[in-house]
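**Q** Sequence:
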Amino acid sequence: MKFREDGTFHILQFADIQEIPDVSEDTLLLMNAALDKAKPDLVVLTGDQLKGASHRFSGNGERVEETIRRILKPVTDRKLPFAVTFGNHDPECGLQNDEQMEIYRSLPGCVDWLNSRGQEIHHGPREGTFAIGVKNSDETRTVMAVYLFDAGGKLPQGGYQPLPPGDIFWYKGVRDVFSEKNGGPVPGIVFQHIPLPEYYRLLKKVDRKTPGAVRAYRTHAGEYYVLDAGKCREGRFREAVSVPDSNNREFESFQEKGDIFAVYCGHDHKNSFVGTWQGIDLGYTPCCGFNEYGDGVERAAREFVFHEKDPAAYETRLLTYKELVGTRATKPLKDFFYRICPATKEEAAEKARRILLFTGLACVAGRAAFGVYRRRRKN
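Going by the UniProt record's numbering, the first residue of the sequence shown is number 1, and it counts up by one from there.
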């Protein structure tokens, strides 16, 4: 992996493919169209490739492998290098992340396959955590680093894990190795599944009656937010930001030497905003899979274009199903269900409460109207 002769390097990110053995035709249509449009130098998958809790897996390793091969086929058919990290739903399929990584490694283009060809790769303490060095066009030095972190999954008591301290310690060591080899800090971008707590810094707390306000949960329970236009330059905010309950200073670690210029995640399927907090871009890529809840034909992949002279001065855009494939999914009823489907159990409980409240009010109104009708009949 190196910058092209024109001084650019292209990455395409797929987030939350979240597929089952019967892979959606629409998912593959979007992936194929996005790959043809972006023509990336590297494809990055940022977790929840599998809808692990689906009963169709039930710990069946052959089905897991078959599904992984099907969703990677658009990438492997084009002989593109790809890098994979994991999300909270991947291990629910019955195969642990290290077992799944062996399947990915068996496919042509996996970064481990490239390692034997001299690619600069630093492996982390866990599968799905590693760093890739990207060289300049004449291959004399590394000018950009791509970090992937396995951000972990759910805690037994609920909520999500913060990034383990060992991963942060590992990152600092690799950061310093890059710096020593190349005469100074190497600009880097981070990809992981679950967003950092600092993503809330891009939002503005508002009254619940504010148009477009989104209700938050857990550490921000009972609070309502909209995008802070002064900090965000693009995108949509349509569901609560799901962050770890505790902050392990991951963001502060990225600030220490000024090498990290951006963090991009997935996890919250309907969010796609990008903003800047204390010099670091924080961005979302919406889901691209059609077998889980999402934002209809606004499902997308995210394209990045980096420049050799200044990787931090990058461009990014969404490549949506609507733009690339069409304004209507091939299974519109199924897509409609997934568009209105609650994103979290907290959101589901809130919607159920509203439905019960509405039903109760309707019953009271109906009884009152019937009482009036009976009195008029008697009169």
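A couple of the hints might just be wrong.
Pair ranges (Cβ atoms, derived) [unchecked claim]:
id, residue 1, residue 2, range
1, 55, 310, 15 to 25 angstroms
2, 333, 176, 51 to 61 angstroms
3, 173, 328, 44 to 54 angstroms
In silico BS3-like cross-links for lysine-lysine, where the CA-CA straight-line distance does not exceed 30 angstroms [said to hold, decoys possible]:
id, residue 1, residue 2
4, 257, 135
5, 172, 231
6, 231, 322
7, 79, 39
8, 39, 322
9, 39, 209
10, 309, 37
Source of the hints: derived by calculation from the structure; they are not laboratory data.
Where is the CB? At the ideal position from N, CA and C, for every residue including glycine.
**Q** Tell me, in ascending order, the numbers of any earlier hints that this structure violates.
**A** 1 and 9
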